[in-house]
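Chains as they are written, first to last, in the working numbering: chain P, 1 to 374; chain C, 1 to 311.
Derived by calculation from the structure, the hints in this document are not laboratory data. Please read all numbers here as calculations on a predicted model, not as lab measurements. Don't take each hint at face value.
Taking CB as the label site, the calculated pair distances span [said to hold, decoys possible]:
{"id": "1", "chain 1": "C", "residue 1": "Y88", "chain 2": "P", "residue 2": "P279", "range": "39 to 47 Å"}
{"id": "2", "chain 1": "C", "residue 1": "L259", "chain 2": "P", "residue 2": "T12", "range": "53 to 61 Å"}
{"id": "3", "chain 1": "P", "residue 1": "V59", "chain 2": "C", "residue 2": "L150", "range": "43 to 51 Å"}
{"id": "4", "chain 1": "C", "residue 1": "V270", "chain 2": "P", "residue 2": "I176", "range": "45 to 53 Å"}
{"id": "5", "chain 1": "C", "residue 1": "Y186", "chain 2": "P", "residue 2": "I355", "range": "24 to 32 Å"}
Ideal placement from N, C-alpha and C gives every residue a C-beta, glycine not left out.
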Amino acid sequence: MLRLEPRAQPSTLMQATAPLLAIVATIIGGGILFLILGKNPFESIRIIFWDPLFNEALVSYTRPQLLVKAAPLVMIALGLSFGFRAGIWNIGAEGQFVMGALAGSAVGLALHPMQGIWILPLMLVSGIAGGFVWAMIPALLRVYFRTNEILVSLMLVYVSYKILTAMVTGPLRSPIGYNFPESRSFHDNPSMHNSELIAGTGIHWGIVITGLLVILCYYVMRRHLFGYHVNLMGQSNKVARFAGVRINLVIVVCLGITGALAGLAGILEASGPAGKLSPHFPVGYGFTAIIVAFLGRLHPIGIVLAGLLMALTYIGGELAQFMLDAPAAAIQVFQGMLLFFLVAADVLVNYRVRIGTPGRPTSGAREVTAGSSS
Amino acid sequence: MNELGSISPELLVASVMVASTPILLAGLGELVVEKAGVLNLGVEGLMIIGAVCGFAMSVITGSVLAGVLAALVGGALLGLVFAVLTQYLLSNQVATGLATTLFGLGLASLIGKPFIGVRPPEMPRLRVEFLSDLPFIGHVLFSHDPVLYLSLGMTLLIWYFLRHTKKGLILRAVGENHDAAHSIGYKVRQTRILAIMFGGAMAGLGGCYLSLVRVPQWTEGMTAGAGWIALALVVFSSWRPLRVLLGAWLFGGVTVLQLNLQAAGVGIGVAYLSVAPYVVTIIVLVLISANRSQRLLNAPACLGRSYYISS
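Extracted from the complex, chain P is given alone in its bound form (with noise of 0.2 Å):
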C-alpha cells in the first residue's frame, strides 16, 4: 500500500519538479480533455503548446503576443507572491486590475486633446493609485476589523466590474462612438498610446517595467529585510510578533504592492494591447496571475516561467480555436487543471511516497496550517 511519509525538510529538488510534474499531467489531462470533445489530442496539444512558439508561419505573429500576454500575468503575480509568503490571500487582484485600468484611463481621457510626453507616465501613476486605493479596502478592514481579505478582496471584484460598466456607458464613453459602451480608443492620440517600442516585437513599456519589476521583486525578497519579515510571518505568525514584525505594516504592504502592481498593469494592458475600456475589457489576468504565482513557486524567476507558459496557453488556446474550432472555455479548463495537479504534486515537497507499512512507529500525528506550504 502506499503512504506518506513527512520529510524533515522540505524537498528542494521536488520544489522544482513538482511544477514539472503537473505541466506534464496537465499535458495528458489536455490530450484527454480534447478527445472527449472529438478532436485529435496530437493535433491539438501540438497546436497549443508548439506551433506559437516554432510553426515558421505563426511566430511572427505569436512570439511578440506571447511577451504582451505574459507581462501583465507577470506583473500581478510578483505582487501577488509577496502577500502569498506571508499567508495573506489577496484574490481580489482581478479588480484591483480593472481599477486601475479606470483611474489611468480617466486621466489620461480627462486630458484627451491634451499632447506630452508626461501624459502616459502621469496615467501610470494614476493606474498605480487605482489599484493601491482598491487594495487598501481589504487591508485596512482586515487590520482594522479582521475581516477576511478574501471574501472582501474577491467582492471588490464584482463592484469593480460594475463601476467599469457604468463608467464606459457614463462620463468614459466615447462622444464618437455611436453609443457603443467603450471609451475613446487610446491609440488616437499618441500621448496617451502605450504603443509598440520596436516595431513587430509587440514590445511596450509594459514589458521593459516588468522586467524591472522582476529584478526588485528578486532584490526585495532575498536581500531586503521586508521579504525576510514576510517570509517568517508566513513560516508562523507567532514567531514572527516575536521577532519585532510589524505584522499589520507587512498586512497592509503587501496588499499594497499588489493592489499597485495591478493597477500598473491594468492601464498598461488599457492603453496599449487593449487600446481602449469596454465591458469586455477584464479578460481574467488577475485570477490567472493566482496560478502563475503558484506554479512559479512565489519566486520571481519562477513566475516568469510560469507567465510565460500561461501566456503559450492563451495564444495557443486561440489558435486551437481557430483552427480546430476548438471551445474557448477548453483552455480555462485546461487552466484550472494545471492549478489542481500542481497542488496536488506539491505534497511531494513535504512528503516522501512509501510502499508498504512503516518500519517504525513515528511519532503520534503531524499537522501542517493552511497557508504555510507552498
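Knowing the structure of chain P, use the given hints to seat chain C on it.
Relative to chain P, chain C alone:
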C-alpha cells in the same frame, strides 16, 4: 416613491425567498464542511457546476428531477476532487479551493456552450386547494417549488444533526480538535470527505436552483459571486444554521430590493444599485468580524488545517 407602492408586498416576500434559496443551500453545505474543520473556497465553482449539470440534464431529459439529481452528483463529484486533494494529498486548502473555483468555472462554460439561449423545463410548484388561494399567506407559504421547501427543511435538519445527534457531535469534534478525535477512534479523514461531498452536493443544488428557477436560463459565469456570498454567509452566521437562513433572507432581500428599484426606475444608475449585494456583504462581514469575542468562540478550532495520520 409612488413607483415603490406598485410592488405588491406578497410578491416581494415570495421573491425574496426565491432569491435567497441558492445561497442558503450553498451556505448550509459549506457550514457543515467548515464544522468538520475544512475550509472549501471552491463553493463558487461547485455552484456553477451544479447550475450547468442541472440545466443540461433537465433540458436533455426534459425532467427537472433528473436535472436536480445531476446537479447533486456533479457538485458532489467536484467536491470529491477537492476532498481527495486536501485529505489524501494534504494540499493547501486555500489554493485547492481556488483551483476548484477556476476549474469549475471553465468546465461549466465548456459544458454549457450548446445550452445558451435554451429554455429549461419548468419546475413544478406546490398548489394546495384553498391554502394556495389564501391572500398573502397563500402566496408566501403555499405556492413555491419543492427545492425551496427542501432548503428550509435542510436548515432545520442540519441544525438538529449538528446539535442533537451523535454523528453530528463526531463531526464537530473532528472540526474542533482532530488530534483528540483521532485518538479516541473517530475517523477524521472519512468524516471530512463525507462532509465535503455533502457540501458539494448542496452547492450544486443551489447552483441548479439558479439556472432552473431563479433566472431560468444558462449564461456563462451566471453564479456571479453567489458562491462567495455563501462563504460570507457562513462567517456572518457564526457557524449556526438558523442564522444562515436569516442571513440568506437578508442578502436575498437586498438583491430583490435592488432589482425592484431598478425596475421602478429610481434615479440612481443601474450599475450603482447592482453593486448593493456585494457592498452589503462587505459591510456585514466587517460588522461581524469587528465583534471579536463572538467570532472566536464559534469558529471551529481546526478550520483550514490539514491532518496527517501517521499510520
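Hints, one by one, checked against the model:
| no. | hint | in the structure |
| --- | --- | --- |
| 1 | C:Y88 - P:P279: 39 to 47 Å | 42 Å, holds |
| 2 | C:L259 - P:T12: 53 to 61 Å | 55 Å, holds |
| 3 | P:V59 - C:L150: 43 to 51 Å | 56 Å, violated |
| 4 | C:V270 - P:I176: 45 to 53 Å | 24 Å, violated |
| 5 | C:Y186 - P:I355: 24 to 32 Å | 28 Å, holds |
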